[in-house]
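Below are the chains, spelled out letter by letter.
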Amino acid sequence: MNEPMLAATLDGRVIVLDTKNARVVLMDALSERVWRSCRGLTEKEIATHLGEAPLSVQSSLQDLVAAGLVTREQDSWTQANVAWV
Amino acid sequence: MSPGSSIETAALNVVYAGAWRVHLHGPAQVTRPLKAILSSIAIPEENLPALEVFISNRGIAHGMVDGTDVWTFALPKRRWLSPLVGYAVGTAVSLLRELHFLHAGAVVLNGRAYVLVGPPGAGKTSMVGVLLRRGAAYLSDEVALFDAKAGTVYPFALPMTVKPWTARAIGPLPPAHLVAADADIRYLQPVRRAEAPVPLDSLVLLDPAQRASAPAELSRAEMLLALSEQPSSFRYRERLEAAFSDFVGLLRRTRCLRVGSADPAKAANMLEQSL
Numbered sequence: 015m016n017e018p019m020l021a022a023t024l025d026g027r028v029i030v031l032d033t034k035n036a037r038v039v040l041m042d043a044l045s046e047r048v049w050r051s052c053r054g055l056t057e058k059e060i061a062t063h064l065g066e067a068p069l070s071v072q073s074s075l076q077d078l079v080a081a082g083l084v085t086r087e088q089d090s091w092t093q094a095n096v097a098w099v
Numbered sequence: 023m024s025p026g027s028s029i030e031t032a033a034l035n036v037v038y039a040g041a042w043r044v045h046l047h048g049p050a051q052v053t054r055p056l057k058a059i060l061s062s063i064a065i066p067e068e069n070l071p072a073l074e075v076f077i078s079n080r081g082i083a084h085g086m087v088d089g090t091d092v093w094t095f096a097l098p099k100r101r102w103l104s105p106l107v108g109y110a111v112g113t114a115v116s117l118l119r120e121l122h123f124l125h126a127g128a129v130v131l132n133g134r135a136y137v138l139v140g141p142p143g144a145g146k147t148s149m150v151g152v153l154l155r156r157g158a159a160y161l162s163d164e165v166a167l168f169d170a171k172a173g174t175v176y177p178f179a180l181p182m183t184v185k186p187w188t189a190r191a192i193g194p195l196p197p198a199h200l201v202a203a204d205a206d207i208r209y210l211q212p213v214r215r216a217e218a219p220v221p222l223d224s225l226v227l228l229d230p231a232q233r234a235s236a237p238a239e240l241s242r243a244e245m246l247l248a249l250s251e252q253p254s255s256f257r258y259r260e261r262l263e264a265a266f267s268d269f270v271g272l273l274r275r276t277r278c279l280r281v282g283s284a285d286p287a288k289a290a291n292m293l294e295q296s297l
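Heads up: the sequence lines are chains A and B, in that order.
Taken in order, the first sequence gives residues 15 to 99; the numbers are from this note's numbering.
Taken in order, the second sequence gives residues 23 to 297; the numbers are from this note's numbering.
None of the hints are false.
Some chain B residues judged to face chain A by a derived CB distance under 10 angstroms, without partners named: (1) S241; (2) R242; (3) M245; (4) L246; (5) L247; (6) E251; (7) F256; (8) A265; (9) L273.
Some chain A residues flagged as far from chain B (calculated, every beta-carbon gap over 10 angstroms): (10) C52; (11) G54; (12) H63; (13) A67; (14) S70; (15) G82.
Hints listed in this document are in silico derivations from the structure and should not be mistaken for laboratory results.
Note that the structure is predicted; figures quoted are calculated from it, not measured.
Just so you know, even glycine gets a beta-carbon here, dropped at the ideal spot from N, CA and C.
The following block holds chain B by itself, in its conformation from the complex (with noise of 0.2 angstroms):
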């Protein structure tokens, strides 16, 4: 289906993303699966500005908060539901004022929660999925929600972002909703997940130019390094200092693991046999 089409008469939806309200305006084949995505996420921060969001009939999406514009693009033809969630996504995180984040992945083994860091195309998503269908609870797949000062990680809970090459890498999927679909991508909401904040056990930062190979130690030092270099509160000057300090603070009381995830199952599998 393309955005850009017209179908469908404009319609005003409101959608809460846990504690924050985004304000959907434009064509429902497009708001629908963008509400039915954003509906699956868990913001605990209360008071947060609102998003608005209007798509045009000719696919023009444009974001305002307070009144200030925020981000306009084009959506592509194709695949046009995840940049306009990566951007909602991205609103959000830029606009908390308590908790920290960082684009990675999450989830829990034996009540601690495991974080995964990496590039993209790191095997974020994939090792995600082969840990839960070995019985691992869903955090995220790339937001983690961190609050610093009582070492815990959030449930941010935005839908597996499962593409085709993803899908392969997992093998059989862990059981999951349907949320959402775009052309060979589908939105994938766990049946097992977190419902509360969980003590953060370990950030794992992975390293897809490196065979997978037993988890190894790592420097909180380095790890640090490698978190500011992420999507993270670290993007923002006014919460650069939070950000450090707070990050510290948490490294501290955190173990610190480097993986190789060229085969991002393989990876999986060796990581949680170490635990």
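One chain only, chain A, in its complex shape (with noise of 0.2 angstroms):
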């Protein structure tokens, strides 16, 4: 199993350590919803879930993934593990 990624709340927004590739990742609204969102929806269902756009949807997920913050098994979107700080 992974070793969680440290994150933290500030001022409201969700700042993740991204230690696979040393860098620090501030969330963007709709990035934080969609990232909240992954708990086993498909993107279609996180799309309909939030009544937004599903390529805004398609996107955040990129960036997400890019992050190490998500992850898709089949269809199924999960968070990554994460510790907070």
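With the hints as a guide, bring both chains together as one complex.
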């Protein structure tokens, strides 16, 4: 099992340490909502749940994948393991 | 004076930058000013491995720690002291185990530390110079050392690097001792300095693309992102997680501001007036 990524909430915004790429990732509002919805939902279900355009959700998911913050199993999206600071 | 000339004989010098030991080997015309600058620095962490610096008569500078090469470069013919100091200071901060560092200027106002963060050319040294002239005490113009758990900033005390354009931006310089000079760059140790760690009050992000304006609140998340993009403890993989956790903890107790610094003297005045 992968080590959890470190994350923190500062002034209401989620910020994550991407250890693999040695960088800090500050989520924008949409990415944060998408990330919080990654609990076994498909991309289409996330878009419906959030009332957002599928292309916007797809773009956010791509960013979240690049940061190692979500994984996809079959068509379902799941948050990476995170330890809150 | 060219570092490549060998008019003076090679000499061995040991210098203490606070608790950190540096051995200097090379022509005295190079090692003397470097020794003067490094001996001004206060690195409080004990038992850090020593740095060995070798300067050849051909002007090749070489640094070693624990028998391992850490850097080698050819000293430029002009303004050679600045990169040499930079490599030595870079080595020092890379060795820290307890404290965190950030490329930033820092001063003390009303007993509290104000840390000025920004990219090269943002006006850090100029703002530090103006604030010192107006009565602040000096912590650093290059490196802020944090004890994140205590919420304090240590005086690093690397002499101010005053370039001609920095001097023009500052105007009359604050009272200071000349520690060394190299071409048109002066290394000045301000007379009014902090002698002990100071509680951190504010982190101030300088934005050189913006005109000077009253300081505005900045979200702590944006500040953490900005800190991570500066030379800092975030640069070292083995310290990444500690840097993230400790800076998050520090930021939760710290005010974060953004200031337009296109005119550093005006920005310094506006910052001081807002406190």
